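Residues per chain are reported as follows:
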Amino acid sequence: MRVSRAFQLLSLFLLGGLMLAGLGGLRPFGEPADSRMDDYFIAHAQAERATNNVVTSIVFDYRGFDTLGEAAVLFTAVCSVLALFRGGVRG
Amino acid sequence: MKPMSVVVRSVFCVFGWFVLVFGAYVIVHGHLTPGGGFQGGAVFATFFAALMASLGEGAFGESVSSRFLSTVESLGLLLFWLLGLLGMGRTFFHNFLAGSGSILFGGSVPVGPNEGALATGGTVALMNLSVGMEVVAGLTLITVYMALARLVVPDGGERGHDR
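Top line first, the protein sequences correspond to chains A and B.
Those letters in the first sequence? Residues 1 to 91, by this note's numbering.
Those letters in the second sequence? Residues 1001 to 1163, by this note's numbering.
It should be emphasised that the hints constitute simulated quantities derived from the structure, not laboratory data.
Here the structure is a predicted model, which is why all the values come from computation and not from measurement.
Hints are not guaranteed to be accurate.
What the hints assert, rightly or not - From the structure, some residues in chain B lie toward chain A, with a derived Cβ separation under 7 angstroms:
| id | residue |
| --- | --- |
| 1 | Gly1030 |
| 2 | His1031 |
| 3 | Leu1032 |
| 4 | Leu1079 |
| 5 | Phe1080 |
| 6 | Asn1095 |
| 7 | Ala1098 |
| 8 | Gly1099 |
| 9 | Thr1120 |
| 10 | Leu1141 |
| 11 | Ile1142 |
| 12 | Tyr1145 |
| 13 | Ala1149 |
What the hints assert, rightly or not - Calculated from the model, a selection of chain B residues having no Cβ within reach of chain A, i.e. all distances over 10 angstroms:
| id | residue |
| --- | --- |
| 14 | Arg1009 |
| 15 | Cys1013 |
| 16 | Phe1038 |
| 17 | Ala1049 |
| 18 | Ala1050 |
| 19 | Gly1058 |
| 20 | Met1088 |
| 21 | Ser1108 |
| 22 | Val1109 |
| 23 | Met1146 |
As the list claims (entries may be wrong) - Per the computed footprint, the stretches of chain A lying under chain B, defined by three or more beta-carbons under 8 angstroms from a beta-carbon of chain B, are:
| id | stretch |
| --- | --- |
| 24 | 14-26 |
| 25 | 38-51 |
| 26 | 66-73 |
| 27 | 76-83 |
Note that beta-carbon positions come from the ideal geometry of N, C-alpha and C, so glycine has one too.
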């Protein structure tokens, strides 16, 4: 028990130290990161994907696979709610 | 759920339809204006939640079967996946309809600010529609099941949660 508590503390300090070290690598506030990708989307989305709404063209086209996962998450949520309430519903 | 007072019912019957129209607008114009299938679907499903809250569950529970809603939901997700799969000539989720001149949202868009035409966007518009189908049916299904739920007690009786 003692050993496991010491191990917990050690891993906590290790992870906390790694997070603090990672904070040092953040960009200063107000200076955005490298924006080459954003510039590409803004410049090319209308011509490539024939979509005025660049945000939608990213969500449903450039990153469509991610949106498929989102839709699957919603589907799973509905399925679980149905499974939960199934016993009490008539018909 | 019991129907609410005559004030709520009257106001809903007069103004509730605007929610439906706005939800459909947000879904259909997903590739032109902010919003899309998820957001418009949630707005659209709000109508059914308000319908059951104001007029009682009987206003909706018997007219549309949960089997139908479940079918629409599954169909929406399948359609979305299928549209992604149809782009497999290049990559998964490649927009093969964009700017192709096809009658199905195949128009092209000038670069820069423009007034926007509905028949553009290619698969983006179709995916918005299919996701909208899924979200509308899914959220309505959740609302219906929660409204119709009964508390089943071990001795065989059952009662609704608000009676």
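Hint-by-hint comparison with the structure:
no. : hint    : verdict
1   : Gly1030 : holds, 6 angstroms
2   : His1031 : holds, 5 angstroms
3   : Leu1032 : holds, 5 angstroms
4   : Leu1079 : violated, 10 angstroms
5   : Phe1080 : holds, 6 angstroms
6   : Asn1095 : holds, 5 angstroms
7   : Ala1098 : holds, 4 angstroms
8   : Gly1099 : holds, 4 angstroms
9   : Thr1120 : holds, 5 angstroms
10  : Leu1141 : holds, 6 angstroms
11  : Ile1142 : holds, 5 angstroms
12  : Tyr1145 : holds, 4 angstroms
13  : Ala1149 : holds, 5 angstroms
14  : Arg1009 : holds, 24 angstroms
15  : Cys1013 : holds, 26 angstroms
16  : Phe1038 : violated, 8 angstroms
17  : Ala1049 : holds, 14 angstroms
18  : Ala1050 : holds, 19 angstroms
19  : Gly1058 : holds, 12 angstroms
20  : Met1088 : holds, 12 angstroms
21  : Ser1108 : violated, 5 angstroms
22  : Val1109 : violated, 5 angstroms
23  : Met1146 : violated, 6 angstroms
24  : 14-26   : violated (count 0)
25  : 38-51   : holds (count 6)
26  : 66-73   : holds (count 5)
27  : 76-83   : holds (count 4)
Of the numbered hints stated above, those contradicted by the structure are hints 4, 16, 21, 22, 23 and 24, listed in ascending order.
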